[in-house]
Amino acid sequence: MKKINWEKNFKLREFKPSNDYIKFYEKLDNDKDKFTRSLYFPYGALIFLNDDKYFSAGFLSIVDIFSTFSPIPGAISVGSGRFTNSKLFIEKNFVKSSHIKFKKNMIDQLYTVDLFIYRKNISSNVKLSINEFKNFFNNNNKFKLYYESENILAYERIKKNSLIEIIEIKEKNLNENNLFYKLTKYEYSDFHGAKDKVNFIRTNDSIIYIEKFDDTAKSFLFNESYSENWCLLYVPNYLKYPSIFQNLLLLKSYFFGGCNKKHEAIFSYSNFWTLNKKDNIVLIFSPQIGFIISKYIYLISFLYLTILFLKKKLIRKYF
Amino acid sequence: MKLKNNSSEIITVFFSIIIFFILFLNLPHGFILGGDWTFPFSNESYETWTNLSTWNSKQNFGSSSVLSLNALYYKFFVEILFFVGVPLKYIQVSIIIIIFILGQLGFVLFFINYLNTRKLIYVILINIVALSYIFSPPNFNFLMMGWILGNISYLLYPFFLFFLFKSLSKQQNLNCFFAALIFSFSIMQVHTIAWYLLMSLIFLFDTRVDNKKLILNYLKICLITIFLNIHWIFPLMLDVNQGEQVLPSLLYKTAATKGMDLFLNFNQIFKLYGSLFNEHYETWFKDSFSYLYNFLAFIPMLILLLLLQKNKIKFYKLVFSYILILAISLIIINLNKEDFFYTFSYLIPFRHLSRFIIIFPFLFSFLIISMIFSQFENQKKYKKILIFSLLIINFLNLEPWISNIKYNENEKN
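Top to bottom, those sequences are chains A and B. Each residue of the first sequence is one higher than the one before, counting from 1 in the working numbering. Each residue of the second sequence is one higher than the one before, counting from 1 in the working numbering.
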């Protein structure tokens, strides 16, 4: 009998998305401004589709495109966490060398997650049954059913937290040198009810604009992974101009005004600033400045080459 | 004369049509997923996927995505296809077919120009070798795993070389620009920097080539390529974690790095195999040809050696020696991999050594065509037989591409 190493018995496979996933994504896209973050169960970098024999087990895994390309951010993957300071939080609560059993108390710790999604036809190394998932939310007055179909079950948080909030914490209380202590010194739940939401415009993942907020508190909380690269700028008149000039204003503020230096890590993975002013705030991931500069250089070069080309053509034609 | 020119174009298009049908009939007609393949499956997920930003809020409560900006040209390519109306589910297949045909066209164009021939018989023979170049074992393994950027880099190389050589004779700046454009597109697969350099280096010893000009134009291409990649180079310069992004200090110790090159040995290199730990091509080739598969892979090498032995052009012998030196170097580095990457930590992005097998099919194809060109019209009949045997045996490489590229309905239990 011929022996075949089954792990190498591998061919290209076609994926046929089911209708309820398509409809669910349409609904998510319509509602995306309502939510900050979601969490897809079962999570993991690689998943299996129980109802499709070509993606069902062993080496026939699939990259979790559902959570990665979700209109509402929601993927957890330890493999891709090399450049984030939420890595410690993920390793402690989700997965390190092996998966950590998801517990109910995590739901409160995941304060920016306001949509919990269970995929019934998907499995991964995370062992969380549909009944365990349901038990988290049944009789839980903080949540309500958001969507249910053959393959999907989702609950939404009724009182949602915000990506950006104002909070009262004294700067000197965070004056630790060690990042780990900064991140773990306070629990978000300790400040429950003491925070105010802020309206913002998110141009893309790297740029967020806050026109102004009225609050006596001076501490500004941004609930995405802490990174030294996050920069808080003051950009007056930002909204008055079209985007091509908005970017010029960003460059001016970045190079001449500079970032707010009172930037710290807090609440397991979030960013925290002590503010001087309360209007025309732009949060920008510093490398984005480089991306903006490159776009201007490409544009200028393209225009220059086009003019050069046209000039050459015209000279040839008329002279 | 005109008829002759048209004939070579018609025959090349005919081979392009063959490639189209091989792929169109055998690739899955829908979203390709599994392995490392990723692609958006709906319009909403497509919107998310096309978003280009230095920060990615989608995963792990947000993380830096500066390096992902180097996929700009690929995303642009996908967006063009989407814009002209290709349905989302057919975009992956369209890209595969387009780049494979570009691979064949680039290969044929390069050799027609390099050998300065438009003789019909040679164009046919070049097209036959082009088939075995684009349908090579490493290319199969990359495609199976979903390393489409590796496929793009590999298949665009002949076009890169075509423009590099063109720049030596005419329209220097324009041809360097086109070569840099291809380099920029290919550099999305970071290994391209080393692959293209290693594949091109040998031409410095070609007596027909102006060495100084070749080096200068290569440098010029590199500079233009840097300019065409400032969209990720500038952001990287402003990233406080730039060192860790480009040269992650501990990656040479990971299980993936160690495991990836388990099957990298001379046997694999000279069969052009082992480009991946997973050995998909090897599995199917063995499955189809049983014990014959070893001979089918080694006989072309023996024929090449026989043909080389009597060849008067020293450069071709030098190419073979170069292949040997590269193979030996790869094996030696692999034996001391951990120490090597600890010492030369700036080479960590190239730590998966078995991916370098992808440079050999071009060098071998170059030798095969050179043998054909220099010896086909030789009076000795046995050499013609050897050349035809070489082509036919290489042609058998296509078998897994036709029989085992996708699962047939109900094939998998």
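Quick caveat, the hints were computed from the structure, so don't treat them as lab data. Please read all numbers here as calculations on a predicted model, not as lab measurements. Where hints are given, some of them may not hold.
[To be verified] Cross-link-like lysine-lysine pairs, in silico, DSSO-like; alpha carbons within 30 angstroms at most:
no.	chain 1	residue 1	chain 2	residue 2
1	B	K406	A	K32
2	B	K406	A	K311
3	B	K89	A	K27
4	A	K92	A	K277
5	B	K406	A	K11
6	B	K170	A	K313
7	B	K170	A	K11
8	A	K317	B	K170
9	B	K170	A	K127
10	B	K75	A	K11
11	B	K170	A	K23
12	B	K337	A	K53
Results of checking the hints against the structure:
| no. | hint | result |
| --- | --- | --- |
| 1 | B:K406 <-> A:K32 | violated (37 angstroms) |
| 2 | B:K406 <-> A:K311 | violated (53 angstroms) |
| 3 | B:K89 <-> A:K27 | holds (21 angstroms) |
| 4 | A:K92 <-> A:K277 | violated (36 angstroms) |
| 5 | B:K406 <-> A:K11 | holds (5 angstroms) |
| 6 | B:K170 <-> A:K313 | holds (20 angstroms) |
| 7 | B:K170 <-> A:K11 | violated (45 angstroms) |
| 8 | A:K317 <-> B:K170 | holds (23 angstroms) |
| 9 | B:K170 <-> A:K127 | violated (64 angstroms) |
| 10 | B:K75 <-> A:K11 | holds (25 angstroms) |
| 11 | B:K170 <-> A:K23 | violated (56 angstroms) |
| 12 | B:K337 <-> A:K53 | violated (38 angstroms) |
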